[in-house]
Amino acid sequence: MSSGLDLATATNRLSEVALFRRVEVANDSIASFVSALSNLERAVPKDDEFWDTVVRRLRRTRFDLFSTPVPFNDPSLGLVARLDSLESDLSTIDSGYPEQAPAARDTIFRLRVLAGQSENPMAEHVRRLVGEYEPLSIAVVTRSTRSARSAESHIVAALEDCPVALSLIQGLGESVPFLRDLLVCIGPFRWYSPALVEAPNAPINISLCYAQVRETDLPDYRLPRSTRPLRQLLIQAVQGASLDLIDPQEALPQVSWAWVDRPESGGRTEVEDEERLARPVLLAGGLAVLIDAEPAASLLTLELNTDGAARVLRRIPAEELVEGMFLVLRTEGGGDFVEEIADRLLGDNAARLREMQREWKRGLVRHIRSDGAAAVASELIRRGSERASAGNVRRWAGDELLRTELRSDFQAIMSLVGLGESVDEYWRAMGTLHSAHQRAGVLIRRMLLRAMTTTGAASDLASGRLDFTLEDQMGGQLSAVRVESLADMVVSVQKSRIGRLTVVDEA
Amino acid sequence: MTGPTSDDGVSTVDKPDDDLLARLETIIGRRRLSPQAVATELRHRGVDSAPNLETILAHSNRFRVDANGRWSIQETPEVKVSRRTLGTLSPSGSWIPLPDWAQFLLEVGSTAARTRGTWSWVVSLPTRSYAAVLIATGFVIATAREGGSSRGGAAWFRQLAALPKGTSVTIRDGERLTKAVFDGVRTENGNKYLVLQARSETRLIPVGECVRVTPRRSTASASTGTIRLADRTFLKPLLNRVEPLDFMRRSKLQCLICGGVNDVRAESLDATFAALSGSTAIRGRLQSVIRIARLVGQQGHFRSDLVAAGETYDDNLGQPAVVIHNGADAYVRRARFDNVPEIALIGRSDRQMETALSLVLTAYSQRRGDLQVLAPPPSTGIDQIVFFEDSR
Numbered sequence: 012m013s014s015g016l017d018l019a020t021a022t023n024r025l026s027e028v029a030l031f032r033r034v035e036v037a038n039d040s041i042a043s044f045v046s047a048l049s050n051l052e053r054a055v056p057k058d059d060e061f062w063d064t065v066v067r068r069l070r071r072t073r074f075d076l077f078s079t080p081v082p083f084n085d086p087s088l089g090l091v092a093r094l095d096s097l098e099s100d101l102s103t104i105d106s107g108y109p110e111q112a113p114a115a116r117d118t119i120f121r122l123r124v125l126a127g128q129s130e131n132p133m134a135e136h137v138r139r140l141v142g143e144y145e146p147l148s149i150a151v152v153t154r155s156t157r158s159a160r161s162a163e164s165h166i167v168a169a170l171e172d173c174p175v176a177l178s179l180i181q182g183l184g185e186s187v188p189f190l191r192d193l194l195v196c197i198g199p200f201r202w203y204s205p206a207l208v209e210a211p212n213a214p215i216n217i218s219l220c221y222a223q224v225r226e227t228d229l230p231d232y233r234l235p236r237s238t239r240p241l242r243q244l245l246i247q248a249v250q251g252a253s254l255d256l257i258d259p260q261e262a263l264p265q266v267s268w269a270w271v272d273r274p275e276s277g278g279r280t281e282v283e284d285e286e287r288l289a290r291p292v293l294l295a296g297g298l299a300v301l302i303d304a305e306p307a308a309s310l311l312t313l314e315l316n317t318d319g320a321a322r323v324l325r326r327i328p329a330e331e332l333v334e335g336m337f338l339v340l341r342t343e344g345g346g347d348f349v350e351e352i353a354d355r356l357l358g359d360n361a362a363r364l365r366e367m368q369r370e371w372k373r374g375l376v377r378h379i380r381s382d383g384a385a386a387v388a389s390e391l392i393r394r395g396s397e398r399a400s401a402g403n404v405r406r407w408a409g410d411e412l413l414r415t416e417l418r419s420d421f422q423a424i425m426s427l428v429g430l431g432e433s434v435d436e437y438w439r440a441m442g443t444l445h446s447a448h449q450r451a452g453v454l455i456r457r458m459l460l461r462a463m464t465t466t467g468a469a470s471d472l473a474s475g476r477l478d479f480t481l482e483d484q485m486g487g488q489l490s491a492v493r494v495e496s497l498a499d500m501v502v503s504v505q506k507s508r509i510g511r512l513t514v515v516d517e518a
Numbered sequence: 002m003t004g005p006t007s008d009d010g011v012s013t014v015d016k017p018d019d020d021l022l023a024r025l026e027t028i029i030g031r032r033r034l035s036p037q038a039v040a041t042e043l044r045h046r047g048v049d050s051a052p053n054l055e056t057i058l059a060h061s062n063r064f065r066v067d068a069n070g071r072w073s074i075q076e077t078p079e080v081k082v083s084r085r086t087l088g089t090l091s092p093s094g095s096w097i098p099l100p101d102w103a104q105f106l107l108e109v110g111s112t113a114a115r116t117r118g119t120w121s122w123v124v125s126l127p128t129r130s131y132a133a134v135l136i137a138t139g140f141v142i143a144t145a146r147e148g149g150s151s152r153g154g155a156a157w158f159r160q161l162a163a164l165p166k167g168t169s170v171t172i173r174d175g176e177r178l179t180k181a182v183f184d185g186v187r188t189e190n191g192n193k194y195l196v197l198q199a200r201s202e203t204r205l206i207p208v209g210e211c212v213r214v215t216p217r218r219s220t221a222s223a224s225t226g227t228i229r230l231a232d233r234t235f236l237k238p239l240l241n242r243v244e245p246l247d248f249m250r251r252s253k254l255q256c257l258i259c260g261g262v263n264d265v266r267a268e269s270l271d272a273t274f275a276a277l278s279g280s281t282a283i284r285g286r287l288q289s290v291i292r293i294a295r296l297v298g299q300q301g302h303f304r305s306d307l308v309a310a311g312e313t314y315d316d317n318l319g320q321p322a323v324v325i326h327n328g329a330d331a332y333v334r335r336a337r338f339d340n341v342p343e344i345a346l347i348g349r350s351d352r353q354m355e356t357a358l359s360l361v362l363t364a365y366s367q368r369r370g371d372l373q374v375l376a377p378p379p380s381t382g383i384d385q386i387v388f389f390e391d392s393r
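In order, the protein sequence lines correspond to chains A and B.
My numbering puts the first residue of the first sequence at 12, with every later residue one more than the last.
My numbering puts the first residue of the second sequence at 2, with every later residue one more than the last.
If we strip away everything but chain B, and leave its shape as in the complex, we get (with noise of 0.2 Å):
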């Protein structure tokens, strides 16, 4: 899987399996097991060519091992969107909470961006209001720290120091953007700095500061100065402490919805949002938070991109982490992408609901395991399936 646990610095000749990796998320789930117990079990899987279980360990930062060598899930430190942070308002300006389903749905993208291998999450709700932009929401803050801790600092300095001499930049000093041009990477007492070039003087940017620096997306007119401040202030809750300026300051391709794109950019733009700070709420769009490529405009900076169902997508801007196939007709004719996983939103009030759901259960008759994830939550008419085709 590409997205957000490919950048840990291992080539990925030498790495396990995504998908095993997964299963030994799923055999392990919140126990502590001893080794021979974990290679039992992925026996019993029918895994028997399981690398050894130290290399395992030496390529994945998902496991721990305690002092008794029993293994357990290493806990990773992603954001999550609390019930108590994102919800609406009544029109009297009273705070009010997430329904369940739609807390359902962001967790769906939450789990979705922590859970390993290329699988395949089917959900088939009443209806698909919302539903993909939600779970968008969920999957990005998850991610969202992606870039902003040290392991992901090293990879978005990776992708910095792959760019062409002369790329024009942006630094963030605080609240101010100022205009740089990368001039290559330097090693000093074995520590890596990136050269910027802004205005007279040079500038050596350390690995864990390489956050702030964002390259412009057009070298013509851009813009520096003040980043908008509703969006700050409305992510500022939802990111816990990732700085909001960072986060919209860089772009990365982490979910790929494909159809309903008028629906989709209604309801990402649809301001009746608002995240809890403290006992103040701001209100808000989804999509300060989702950034749709297609919506932010040549400047902006994206974390999502929207296509029509079958239309084809060219990955100029990169390899989505996700792809969500936004209702039935999305599904039926949907493009597959190698080793990216996709979670698809078959609502049953869809014109093609039997049709897709015949395609589910013929991928998931043929399927090479499930996945145990969260369950959705009773009387909100949502169901859900998660598990590895056979085909990919």
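This is chain A alone, in the form it adopts within the complex (with noise of 0.2 Å):
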């Protein structure tokens, strides 16, 4: 049987026999600082944009805890740095807010106690779980996507005497590509993907978390009158004192998207200034930036191994993008780098073909606002388009493409947007602005490409962020940066801020 049908045949079964089991783990200091936090949280006043700030900047570090299986005192892990900084906000509590200061002062005492241990309860757990399943290969899923080399170091390490394969996958674990023997998921079931649990890839399937973070049993995606039984979780729980349990969502990070109403300056031209849906997203280091969500936009990625190495450009669809994912920025200067480069290898030509590009495009988007777009796809077949519909007509308007496939739609525009005498013309010149973003983007690559090689990207991995400076010729800085967080909602934003990477305040 091909490898194709064996793995599909593999995948149907493992989802009905698969096991899962919740494997809690208690820890004292852990237990303290959420309980702390716990406090903490009930004692602030609600909508206090001080304490919101705090708050969530300690459920973050919270949450780097609970999902990042590497000690307490690890470097990647920051606490030390996170404590100093929120020790400096906190300095004039006393007297700003003195009702609260105990309970700030205790979390940040609990924490401070967590950040000098060098204990790794989740790396010595996933050690115990090889020892009891000896299985050939295992998978360990993290949630967080920081941290992850040296996370991977430290289970590296633990396992050191085991002959087991090991790959550690970041992010929501919506596709692990091999089936495995064991595969643990740090932290509940509910952080990651439901196809973890639902397309399983392992006959045991173990969630490693801490007790505080409560879970009880799996979600049922069964459909009505299904014949298949409940899947049941497992749970080897802690036994001892009451614990302040947290539910898996509020355990995740909470993101604030407030900077996406941010009022933007800077000059724009008119078509800049055209509105476009955006996707906020949250990356390392504090940086965020708006991907433009409109059909057919695509983005540069780039896929990394933990040490640096087996590095790979890939274009994907912007809604492909998912956390842990490695997305390529212009992080000096900005707008539309491949815009820029063209326009270079254009020279004189450049300002002319643009304003020409501009015109048609300006025409069409005037008919679209005023009459919707099925009603000029409709007026477009009518002119002779072949291909017009609702949908093309708004990605021909968009900055995707130059010129339609066929010539029979783009005249159909021209005619519709008053150029009809001038369509060689135009086809000519968004012929060749085509090929000159075809030509950007290979030199935009080989450049990227001979930069990886020459840059020492490794060391920079932890940060979640590497820097490319291309050559001199070109100029410019392109940054790879982790994604952290992608928000749920899209956003309607002016043109230019797509892509334009923003400083927030996010621990």
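Since the hints were made in silico from the structure, they are not lab data.
The beta-carbon is built from N, C-alpha and C at its ideal position, and this holds for glycine as well.
Certain hints may be false.
[As the list claims (entries may be wrong)] Label-pair distances were calculated between CB atoms; the ranges are:
#1 B:Asn263 to A:Asp17: 15 to 25 Å
#2 B:Asn263 to A:Arg225: 33 to 43 Å
#3 A:Met500 to B:Asn263: 56 to 66 Å
#4 B:Ser95 to A:Met500: 50 to 60 Å
[What the hints assert, rightly or not] Negatives, chain A to chain B, calculated, CB over 12 Å:
#5 Leu16
#6 Glu60
#7 Val91
#8 Ser96
#9 Glu110
#10 Pro113
#11 Asp172
#12 Ile246
#13 Ala248
#14 Asp255
#15 Gln265
#16 Ser309
#17 Leu324
#18 Gly429
#19 Arg476
#20 Gly510
Assembly of the complex is requested from the two constituent chains, each provided in isolation within its own frame, with the hints serving as guidance.
Now the structure itself:
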């Protein structure tokens, strides 16, 4: 049988026979910190910007502790730096918030205790599980995409004398590429893609979770009248004192998307001021960016191994971006780098060609705004277009396409926007622009690959950002920055804001 | 419903509603029922204004009445792919039947092909690998006879008769293909014939033989001659008594697959499958059966087509008999086709699975009725519901 059918058969079978276990991890220092933070959350006033920020940063720290299998004092967690920053922010609370001050100080104290400890309970438990099940292969999935390199090295060290093939997967675990004997999720199953449970990749799947994060069952995705049995979660609970329990969703970091509403300044052309759909994305290092969410939008990503090797540049549909990926962005200057390099390649012709591009796009956008895309599509068909549809009309008006694939479509548009007599000239001009964009894309890719081979990238991985300075001739700096969180929402923003990095206050 | 059951020569104005016929099939099932029992059960299901049962009998060949006046389902002669026909080969070349989940998906396709009405069939699976191509294979094989039986032959005759005079066609004579030009229809002694001009001779092709005639999709450098032998030998055991050459040389859009273009393309061209003929296994690709239009080229004949999720389908190939929404994303972004039943494949590892399931549950909560069809095999992780949507 083919490997494809084999894999599908195994996945179908595993979905029925796979075992799901919750193994609770107890740690006194974690329990004290969680309890102190819960007290603080109860003590602080609601809708207070100062406390919202403090609590959000502490929750982020709690999530990193819950989700990262590294020692508490590991530099990659950066607890000391976070504590110093928090203590600085809280230096005046005795006068401003005397009622909340004790709870805040207790939380900081508990966290400082943790920051001095070298325990790594998660890695120790992974080792115990390997001893228990003796798998030949194991996948460890961590929801946190921070500290990945450090986490892998600690897990590798913990399993040093175990004959087991290990793979560490970061993010939501949407696509675990191979079947494994054992899969261990750090944290509750609900932190991960439903695919981990619904299309399991291992016969034994374990959620290794601090006892404070509550999960008593698995989500039920059965259709009505299903004959499939409900999936059971076998729980190996910690015995002992009562716990401050937190729901899985509540334990996830709370990202503030307030920066999306921040007004932007800077000169823009009329075309740049177009409204576009965009998705807010939080990046490593306290950065954020709005990515294009229009149909057919694409993004450049960099695939990395944790040792910085085997890096591959890949252009993906924008909707496929997920946490943990490295997004390639222009970090020096701004705007569309491809467009800028294409313009340099075009030399003196660039301004004229861009004006022609703006002219017909502007005309088409005007018609869409006044009549709607569907009506424009009908009119274009009447004028001889072969592929006009509401969706295509919107795509043609956007920036992704410089001209249509079929000349008949372009001719219909030109006729609609009053440029029918110049269709040949515009068709050729847009063809020239299209070729320049393609050459620019190839050039950037080549420069980036060259820069990658000469950059000591690995050392920067922990920060979640790799910078590449491109050749002098073209100039500029590109960075590959790890995606930490994607907003569920899509917002309408001015086009000039898309792709621009913003500094945000996220711990 | 257009498609396999619309070519019975009866005006759609006079026909009983397809959904009503589907309900009747559900009611009767494997039983034999008196007309009174049929009418009572229809009333219990809220169908008060059913047409006269005699009218139904007159307009549908799905039911038969025995000597005692009791109704039962008339079994149709559809081709059904057997577990012992389609399988795979081990590396050593030994025969391996399809696993349960794959066989079930084939049967979803063949059952869908003979189930009337504008139903929605939702299948939720751990993985969508090969699901769309297997369902399409079951559907296309079950309808392969269309055009081959006298009833279907009449439908094919009508399609050919509607061609403009002067249309280029090919005629299959045994293994050989001959070019000809369509020159209208002639009636002699009450029998209708296609009039075809082939070189210097005029040929009259009767209804029963018209399956050997195929319009050429392009007049420019159309190919004639021998058809790919590999496809034919692979198809022969799958199609049972339907002649592969006739099957391969007619186009009819049975399945439109929306979504997963790259995967479907790879899976349909995967040469891992094999058809068992006697004791000989013939390796082949499911594309030989489902004949996806965008993969067969300008000259090829098709039975299916494939579009990306959310992509507008321009119906220049005609209205499909069934739409397969391949994936949660495809279901969420689906376009509706009037009077075309749909199969939704929701992979539980699909990114939009939760959104799609929530849409399914909303549609299901407002359904007009359920359809009882084959049950998924145990231990495969497959779920399904089949129902009539209220909005359709």
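>> Name the hints, by number, that the structure is in violation of.
In response: 3 and 5
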